[in-house]
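Q: Quick mapping for you: the protein sequence lines, in order, are chains A and B. With the working numbering applied, the first sequence covers 10 to 264. With the working numbering applied, the second sequence covers 2 to 358.
If you are wondering where the hints come from, they were derived from the structure by calculation, not from laboratory data. None of the values given here were measured: they were computed from a predicted structure. Where hints are given, some of them may not hold.
Cut-off 27 Å, straight-line C-alpha distance, at most; resulting in silico cross-link-like pairs (DSS-like, lysine-lysine) [claimed, not checked]:
no. : chain 1 : residue 1 : chain 2 : residue 2
1   : A       : 57        : A       : 13
2   : A       : 184       : A       : 247
3   : A       : 57        : B       : 303
4   : A       : 204       : B       : 201
5   : B       : 295       : B       : 319
6   : A       : 247       : A       : 57
7   : B       : 161       : A       : 205
8   : A       : 205       : A       : 23
9   : B       : 204       : B       : 246
10  : B       : 246       : B       : 47
11  : B       : 201       : B       : 184
12  : A       : 57        : B       : 204
13  : A       : 208       : B       : 199
14  : A       : 57        : B       : 194
15  : A       : 57        : A       : 23
16  : B       : 199       : B       : 161
17  : A       : 23        : B       : 201
18  : A       : 23        : B       : 199
19  : A       : 23        : B       : 204
20  : B       : 201       : A       : 208
21  : B       : 47        : A       : 263
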Amino acid sequence: MSQKTAITKKLICKRPTFRMLPLGFCSGCHYGIIYRLLDEVIEEMGIKGDAICIGGGGCSMIGAMAMDIDTFGGPHGPGTAIASALKRVSPNAFIFAVQGDGEQGAIGLGSFVATAARGENITVITMNNACYGMTGGQLAPTTLLGMVTPTTPEGREQVMSGYPMHGPELVAPLKGVAYAARGTVHTPANRQKSKKMLKTAFQKQQQQLGFGVFEFLSACPTNWKISPTDCIQFIEEKMLPEFPLGQFKNIERKE
Amino acid sequence: MTERILSTGNDAVARAAIYAGCKNYFGYPITPQSEIAHYMARELPKMGGCFLQSEGEYAAAYMLLGAALSGQRAFTSTSSPGVALMQEPLSMMITAEIPAVIVDTQRLGPGTGTGGQQGQTDYSFVTRGVYGGIHYPVLAPYSVSEIFELVQLAFHIADKYRVVTMVLTDFILGRMTEYMELKTFDFGPLPEKDWALKGKDRKGGRTDFLLTVTGMMLDIPGFFAHQQEKSNRIIDSETRYETYKAEDADFLIVGYGYAARASKRAVNMARDQGIKAGLFRPITLWPFPKEAMKREALKSGKVLVVEDSPGGLVEDVKLAVEGVSPVHFLGIQARHTASPEGLIFPERILQEVRELL
Numbered sequence: 010m011s012q013k014t015a016i017t018k019k020l021i022c023k024r025p026t027f028r029m030l031p032l033g034f035c036s037g038c039h040y041g042i043i044y045r046l047l048d049e050v051i052e053e054m055g056i057k058g059d060a061i062c063i064g065g066g067g068c069s070m071i072g073a074m075a076m077d078i079d080t081f082g083g084p085h086g087p088g089t090a091i092a093s094a095l096k097r098v099s100p101n102a103f104i105f106a107v108q109g110d111g112e113q114g115a116i117g118l119g120s121f122v123a124t125a126a127r128g129e130n131i132t133v134i135t136m137n138n139a140c141y142g143m144t145g146g147q148l149a150p151t152t153l154l155g156m157v158t159p160t161t162p163e164g165r166e167q168v169m170s171g172y173p174m175h176g177p178e179l180v181a182p183l184k185g186v187a188y189a190a191r192g193t194v195h196t197p198a199n200r201q202k203s204k205k206m207l208k209t210a211f212q213k214q215q216q217q218l219g220f221g222v223f224e225f226l227s228a229c230p231t232n233w234k235i236s237p238t239d240c241i242q243f244i245e246e247k248m249l250p251e252f253p254l255g256q257f258k259n260i261e262r263k264e
Numbered sequence: 002m003t004e005r006i007l008s009t010g011n012d013a014v015a016r017a018a019i020y021a022g023c024k025n026y027f028g029y030p031i032t033p034q035s036e037i038a039h040y041m042a043r044e045l046p047k048m049g050g051c052f053l054q055s056e057g058e059y060a061a062a063y064m065l066l067g068a069a070l071s072g073q074r075a076f077t078s079t080s081s082p083g084v085a086l087m088q089e090p091l092s093m094m095i096t097a098e099i100p101a102v103i104v105d106t107q108r109l110g111p112g113t114g115t116g117g118q119q120g121q122t123d124y125s126f127v128t129r130g131v132y133g134g135i136h137y138p139v140l141a142p143y144s145v146s147e148i149f150e151l152v153q154l155a156f157h158i159a160d161k162y163r164v165v166t167m168v169l170t171d172f173i174l175g176r177m178t179e180y181m182e183l184k185t186f187d188f189g190p191l192p193e194k195d196w197a198l199k200g201k202d203r204k205g206g207r208t209d210f211l212l213t214v215t216g217m218m219l220d221i222p223g224f225f226a227h228q229q230e231k232s233n234r235i236i237d238s239e240t241r242y243e244t245y246k247a248e249d250a251d252f253l254i255v256g257y258g259y260a261a262r263a264s265k266r267a268v269n270m271a272r273d274q275g276i277k278a279g280l281f282r283p284i285t286l287w288p289f290p291k292e293a294m295k296r297e298a299l300k301s302g303k304v305l306v307v308e309d310s311p312g313g314l315v316e317d318v319k320l321a322v323e324g325v326s327p328v329h330f331l332g333i334q335a336r337h338t339a340s341p342e343g344l345i346f347p348e349r350i351l352q353e354v355r356e357l358l
């Protein structure tokens, strides 16, 4: 006699609340996954009531609009400067800035490094899709060597445009930095690993240990001009060798 | 009894901000106004305020924006090239209606300019608003005590209209020392800052999204209509000017800042010689006191604009006067020496008045 299996309704994962849906990202873009992770972590940590997001100017800002928390968005690059001051005048709020890789590594690089060096008690979330997504996929500081973009029609050459930049590794040696890490969401396992690291990055701010930066690798099928499934393969084969995953700095207590 | 003290113009800026209840300052060193930062670095930490020296003027203005997002008063000070670097953040603040105060202690000339000398060459640059077709109020004091009052007024205007407000001084005003009375000015009630970002737990569960992306706004004409309506309210309620011996004048001198001081002296010297001269001094450069300017010009018949620049204020005066009387100009060519420390002295202004009579 076959035994009947009882169907139980068990809540495995609560869907986070958003202010507006859908997010409006292109098909196959990973930003939606990343924003969901952000929201999950914020809800799990119970900091939704304290959280303020400083969004940037570019695709990364579209998700910032959707989160049901106090948000400012628009300027392209200076998110770390804005977040620094807001945190200083409202130390009890939880402040994080979301930046694209172009914002952080090019136009906002000065403020990014200066903010890290000051050891501002904020968290920076970087979304690295190796190009400028919103403006048409041009060369970003993170574009891989050989990658074709509208401003590197023959592929990025080191002689012309130098080598890809690594945000978390760049600031990790600075004493003000408490946490620097990189993750990806292109496989379920990596998604879970990234969520864990994201949580650790946020905890550094709660523990007032200093500046935290967490970079997500992300697909951009629209500008890479390949299918979303090919993007997964591209991340696996091309991006991971250039952008290693893991923690580059993780301090437990202040010196 | 209010305390009467000797203060430099730059220190008056800092003191005024503190008297206005502003405890947050962000800035980057630039002559001739770094003393404001020195004062703030010394005093703000004592009162639990926030002083932060930024990685540049661009970042300073964005820090200003960040602090102002909290709903607290915040300000920055800089000099001409610094204002240029702050253009984008200023435009962002005005777009998202985030109130803040910026003080421009003008230095002389374009490019790097000369930080250690006087000049009034920012007029056109700061009175035409930011990119995007939006204006912001610009207040122009001409004495240390007026700096103290107008900086406090700037905070009030900023909060009242949710706009960035600028106070425009210059090297002479910033570095000179005068008596002033220490007091807090009461300019009336202000709206509650219910838009401020504090985290939803501190706002009864409400969240706000302050956006600077005009392209994502669903009603573009509505956005500009709102900004225009706000500008009109500022024009109607905040336009300020002052006249001196203008009632019976048949020769009107127009100037602001340090040039207005020299012009006032020239008016008195002219009166001593039997010439009925008067002074018209715009206190708000934007909104410019157009109607009063035209009325006074019509009454006097002759107008001489004095400013230490190749010409900025003179254009506003001509626009306001609309040809009802001739508008003459005494500018940077009238300095007493060709080297950077040149000045337009009252004697030179009087000489011009006599030649034009």
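Q: For every hint, state whether the structure bears it out.
A: Cross-check of the supplied hints:
Distance restraint check for residue 57 of chain A and residue 13 of chain A: the Cα-Cα separation of roughly 42 Å exceeds the 27 Å cut-off, and the hinted pair is therefore not satisfied. A hinted pair counts as satisfied when its Cα atoms are at most 27 Å apart, and residue 184 of chain A with residue 247 of chain A does not qualify at roughly 31 Å. The straight-line distance between the Cα atoms of residue 57 of chain A and residue 303 of chain B is roughly 65 Å, outside the 27 Å bound, and the hint therefore fails. The straight-line distance between the Cα atoms of residue 204 of chain A and residue 201 of chain B is roughly 23 Å, inside the 27 Å bound, and the hint therefore holds.
Among the hinted pairs, residue 295 of chain B with residue 319 of chain B is consistent with the structure: their alpha-carbon atoms are about 9 Å apart, no more than 27 Å. Under the criterion of a C-alpha separation no larger than 27 Å, the hint pairing residue 247 of chain A with residue 57 of chain A is inconsistent with the structure, at around 36 Å. With a CA separation close to 45 Å, the supplied pair residue 161 of chain B and residue 205 of chain A exceeds the 27 Å bound. Proposed proximity of residue 205 of chain A and residue 23 of chain A is supported: the alpha carbons are some 17 Å apart, at most 27 Å.
Distance hint between residue 204 of chain B and residue 246 of chain B is unfulfilled; the C-alpha atoms sit about 53 Å from each other, more than 27 Å. Between residue 246 of chain B and residue 47 of chain B the CA atoms are separated by roughly 45 Å; this puts the pair beyond 27 Å, and the hint is violated. At roughly 36 Å between alpha-carbon atoms, residue 201 of chain B and residue 184 of chain B are farther apart than 27 Å, so this suggested pair is violated. For a cut-off of 27 Å, the pair hint linking residue 57 of chain A to residue 204 of chain B stands: about 12 Å separates their Cα positions.
Taking the CA atoms of residue 208 of chain A and residue 199 of chain B, the gap is near 22 Å; set against the 27 Å cutoff, the hint holds. For a cut-off of 27 Å, the pair hint linking residue 57 of chain A to residue 194 of chain B stands: about 21 Å separates their Cα positions. About 15 Å separates the Cα atoms of residue 57 of chain A and residue 23 of chain A, which keeps this hinted pair within 27 Å; it holds. The straight-line distance between the Cα atoms of residue 199 of chain B and residue 161 of chain B is roughly 20 Å, inside the 27 Å bound, and the hint therefore holds.
At roughly 20 Å between alpha-carbon atoms, residue 23 of chain A and residue 201 of chain B fall within 27 Å of each other, so this suggested pair holds. With a C-alpha separation of about 26 Å, the suggested pairing of residue 23 of chain A with residue 199 of chain B holds against the 27 Å cut-off. Taking the CA atoms of residue 23 of chain A and residue 204 of chain B, the gap is about 25 Å. The hint holds against a cut of 27 Å. In summary, the hint linking residue 201 of chain B to residue 208 of chain A is supported, as the alpha carbons are separated by about 20 Å, within the 27 Å threshold.
Using a Cα cut-off of 27 Å, the hinted pair residue 47 of chain B and residue 263 of chain A holds, with the two alpha carbons roughly 25 Å apart.
Consistency with the previously given hints fails for numbers 1, 2, 3, 6, 7, 9, 10 and 11, ordered from lowest to highest.
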